[in-house]
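Undergrad: Letter by letter, the chains look like this.
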Amino acid sequence: MRTAEEGFELRGPSTPPGVMLRELWAARQLLVILARKDFYVRYRRTVLGVVWAVGVPLVQAVVLSVVFTHVVGIGRSYASSQQAYAVFLYSALVPWNYLANAGPSASTAIVDNVALAGKIYFPRALPVLVTATSAIYPFVIGIVLLLLMSLVVGSGIGLSFLLVIPAAALAVLLVVCVGLCLSALHVYFRDIRYIVMAVLSVGFYLTPIIYPLSRLSAHHHVLRDLIAMGPGAGPIEIFRAATVGSDSALTLAVVACACWCVVLGGIGFWLQCRRDRVFVDLL
Amino acid sequence: MSNEPVISLRGVSKRYVKYDDQPMLANALRLRARSKRSSLLALDDIDLEVQAGESLGVLGRNGAGKSTLLQLLCGVTAPSSGVVKVRGKVAPLISVGVGFHPELTGRENVYVNGTILGMSNAEIDRRLDAIVEFAEVEKFIDTPVKFYSSGMFVRLGFSVAVAADPDVLLVDEVLAVGDFAFQLKCFARMQEIRANGTTIVVVSHNLNVVRGFCDRAVVMSHGHKVFDGPTFDAISEFYNVVGSEAASDPTTGELATHGAVIESLSLHNAPTGEPVLHFDSGDEVVLRLRARATTDIANPVMGMTITTEAGTVVYSDTNLMSPFPALAAGEAATYETRLALTLPSGGYYATASLHTAEGGHSVVLGRAVPVTFYVSGRGLASGVADLGGTFHRADS
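Residue numbers (our numbering), protein chains in the order written: chain A, 1 to 283; chain B, 284 to 679.
Some hints here could point you the wrong way.
Said to hold, decoys possible - Simulated crosslink set (EDC-like; lysine to aspartate or glutamate; CA at most 20 Å straight-line):
hint : chain 1 : residue 1 : chain 2 : residue 2
1    : B       : K368      : A       : E9
2    : B       : K468      : B       : E419
3    : B       : K372      : A       : E9
4    : B       : K429      : A       : D38
Worth flagging that the hints you see were computed from the coordinates, not collected in a lab.
Note that the structure is a prediction, hence the values are computed from the model and not measured.
Kindly produce the complete structure, drawing on both the sequences and the hints.
TA: Listed below in structure tokens is the structure:
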């Protein structure tokens, strides 16, 4: 077996893992250019352009902090002031928004790319990587904004802010792993699209975004641990550690997230290798 | 190594599983045998080799397996059994402009599409000017392609695809793009690519394209390769296949008859008398109609029409003014008309009917199912009839 550049040899539907990795590596330039195209296209023809990548989550953070401090009234019990709560909230919203934006599109990436996939070969895992990558641009802008917010209205930052880098990397890895697995299943079960949407809307409350994990530990140890083990909690807890201080469940959350990545990524990669060349038959 | 074929298929079959009913998650989890699953054998045990620099045509009716074969050669899908081997970089020239995004400018789309086709950034930088010039979109290269005319869109798509400089070029129906001038330009470019030693596979309904490019062609029928050889013979074979498939198709049986049964309609080479479905322009042919009367026919008359594949009547004639001798019920007769096929390249239909002349009017007794045939025309002559034009300079 050789890579696309030198031709190919097909015997049955599955692609050996080594070949798959080589095909993906050979397609790296395509990944970059498609991800950039995705991002450009999203904001082209809008007057404010990329400002929307920052504006939307910012509005969301302000609304949520007002609602949860003044209307629901839980914000004040988690943070000293509304501003501090806003930083607390935004530090989770930045990774959460990345997961919530890139996750669903990565999960349907193979089917969504049918027009191209039916005409020319590239590893079917590539669109998954493209969606995970193109969402990194607004993610980075969000992180910069979080930095400014911590400096201006928060309690300042230290060297620990650098933790956002591994945190972001973990979030990207999670989206890739979930995407590899679900996008393959989505070819066979189109229900996946709706399941992902439902899981995300529940997930917003089952992930420590509007509340800290530590609040749960007093009464509900098991519940706290379960929530910390949710796949999204890992990156969020590292973001918290980078900005407003770490939680006692940080390690648990990170280890759990890594396990999710290994399991989903492993299954996903196996599925991609098995079905790479025959997905198109069902599109 | 060098005499190893560029494309090699050995015992390749492709089976598609069709779900009459989409599989539901619940069914899958119960691992229930899905009774509504049926499969379709799109390709059945195909062997094929194409050497470097060869250009191969693939002929077949819809559903014969042409598209599946092309998808296998692109590597888009894998065979259910057998081995597909392709050496070198493959570029499909199918559905040009796939991957073009309407909001992106021509230039941006060239980069995206070029990368999809396997060009590096540096290669695209180098070839950008040539691509733009060939597509004739210099003034609009920084305009979003959604403002392009459909001609510009297709020209740019084609231009990028041929710039990719592949080892194997797969061509679908795309050559029917743009205006006539651009088609000629594409044609010339394709000849150039072929001359450079690129292996070309053409899958097209347009036999003129196949005839123009390919020295060799295969004919597909119901997933089998039924012929592999010189293009001229392949086109003949293709028409034989089309004819026999039409004959075995119950929906195109004998058309309405009211007094005569049409037993056969066939085309023959006039000098030799052998049945043929592929002619050179100018060949003398005989259209032979065999019919059996079911009632007494006083003034039997033969009518015939030749149309293009698009249905334009090329020629129609009848001997209404001088009918054949009377035919008794149960009697059979063979009628012929001799024609000179001075036609441009293309596929045509010939049909004939039996009438009876009653006081200057004709009453239809039976119509034959049309026979399709192909004419290899003279040079680039096109249109409805070949008027035999020659070109020369008159003032010297």
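Undergrad: Which of the stated hints cannot be reconciled with the structure, identified by number in ascending sequence?
TA: none
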